[in-house]
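Residue-level listing of the chains:
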Amino acid sequence: MPILELQGVTKLFGGVAAVSDVSLSVEPNQIFGVIGPNGAGKTTLFNLISGYYRCDRGKILFNGTQINGLAPNAIVAKGIGRSFQVTSFFPEMTVWENVQAAVLVKNRLSWSLLSNSSTACGEETEALLNQVELLDKRRAQAKTLPAGDRKKLELGIVLGTGAHFLLLDEPTCGMSPTETSATVDLIMRITEQLKLTILFTEHKIDMVMGISSHIAVLHFGTIIASGSPEEIRMNDTVQQIYFGD
Amino acid sequence: MTRLVPNRFAPSKVLTAVLVVAFLIILPLCLQRWGSEYYIYLASKVIIWSLFAMSFNLVLGYGGMMSFGHAAFYGLGAYSCALLLVKAAWPAPAAFVAAPLIAALAGLVIGYFSVRIMGIFYFAVLTLSFSQLIYILVFKWRSLTLGDDGIQGVPVPGYISTLDSYVHFYYFALIIAAICIFILWKITRSPFGLVLRSARENPDRASFIGVDLRRYRLAAFTVSAFFSGIAGALFVFMETSVSPDVLKWSISGEVILMGLLGGMHVFPGPIVGAGIMVLLNSFLTSYTEYWALFIGTILILSVLFFPQGVAGIAYEAWQKYFGRSLS
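The listed protein sequences correspond, in order, to chains V and H.
Per our numbering, the first sequence starts with residue 1, numbered consecutively.
Per our numbering, the second sequence starts with residue 1, numbered consecutively.
There's no promise every hint is true.
Unchecked claim - Pairs of lysine-lysine, DSS-like flavour, derived with a Cα cap of 30 Å:
hint : chain 1 : residue 1 : chain 2 : residue 2
1    : V       : Lys143    : H       : Lys320
2    : V       : Lys137    : V       : Lys59
3    : H       : Lys140    : V       : Lys143
4    : V       : Lys137    : H       : Lys13
5    : H       : Lys140    : V       : Lys137
The set of hints was computed from the structure by calculation and includes no laboratory data.
Here the structure is a predicted model, which is why all the values come from computation and not from measurement.
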């Protein structure tokens, strides 16, 4: 059974379809890449899955149950975590607190009003920070981190929610080739360790081709091709649109 | 920006705390000997406003919600306490406990509608409207509240009576405020406090770690209303009277200014703001009737040049001087 299934999902903005009749299914432990030019609807698609937008038509199933219509926090509780194209974290809080906040919410401890937060969920937070290689920077204020570390921090936050299905919106956006490969290595390692399923978008075609087990090509809000990296590379329409003719 | 959540007390902090406590205990005795009763009254007023400003800051500083209607909870605390004592002849302790509960209930209802609104401006307008509604209600409902005549001669138990001296009341207010502020401090350091701050800093990210923003905001708003209600009840015990003035929008404005002036991102900031505002207000009014002009000028300058507030500056200086981050 697919872990995530989209059936005819459509989102209109003022009558214009940003995402139109998109159907796809992601199998457990897959690394599923979504590519497409700017404005193809990739981010809209993520916003639909994560509950930021509501679908105008269609259904989104996660582990067989419908999740469209749920609020973002309810979708997080189902085990879907997301990162943003523009790294999103809590700038004034420390690196530790950033990840801890997610862990506290996941463990339903965040309604404790009078206990001390500094030690709460310490081991779990520490393990996560270790995993994303930020343990030595745990006392730093998040906004002081360089761009690469911010992406790692966001990954730590997402993992802190207990998500086993990650939506990563351009996880290496704005990174140099060295940073990109380091980040990709990190993501791949964690995916392996935690048996995650990943749905991601990216502009860097080589990277997508390199790590994805399955790729869908989005163009003007519709999926024009879907298959293994080899199939996508051989696809005539994709060739035309994406790689130029 | 700065935060005050040290992991453990440094010895110098324990010393500071001991000195502050000692100062607060000796203060009325010194004022009685070398000053006058009026200064003890002022000190008590600072305590009450400190509690109000600290409660308010849970909403503004930690929750990121610009409530422009907090006079409603302060005023409802005051009126509930006064009416229960005068009209229902409740014993003082019972009225003192019931008053903040009524304020909290009002906080729950007003908050329920207000936290649905996104955006500082709309939130401010909605909370202002609700508090004006309560103001008008109290003002017009003469049969219950005596309207703008207010309620006079509220019976206050002898042990905190301000008839002869404000000293007993001062200690009572100090103890109550200290307990409440301690609880507020615990809340800001709790997992709830951390998640509340995360929702202020980045609401989108917060909801994508599973935070139901409305529920956390509503909880903070209600807790804040509760403690504001205690401040209102203390006010009645001190003044033994209450008029619709306690519900005026200007009270909501003053408590915001205290937060801004003192520093809303440093835990004791609002206390500093309350102290400055109450004392300035009292001293300037004895010299000029244009005191509001001076306070306005000071505020404009401080917001323009020291947005972190007086306590914020002090905290930064402390960090710089002692070279130690508290976070």
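Would you mind confirming whether the straight-line C-alpha gap from Lys137(V) to Lys59(V) stays at or under 30 Å? violated, 42 Å
Hinted pair Lys140(H) and Lys137(V), Cα distance within 30 Å: violated, 59 Å
Can you confirm whether the C-alpha distance between Lys140(H) and Lys143(V) stays at or below 30 Å? violated, 52 Å
Are the Cα atoms of Lys143(V) and Lys320(H) separated by 30 Å or less? holds, 19 Å
Hinted pair, alpha-carbon criterion (30 Å max): Lys137(V), Lys13(H). Please report holds or violated. Holds, because 26 Å separates the two Cα atoms, which is no more than 30 Å.
Of the numbered hints stated above, those contradicted by the structure are hints 2, 3 and 5, listed in ascending order.
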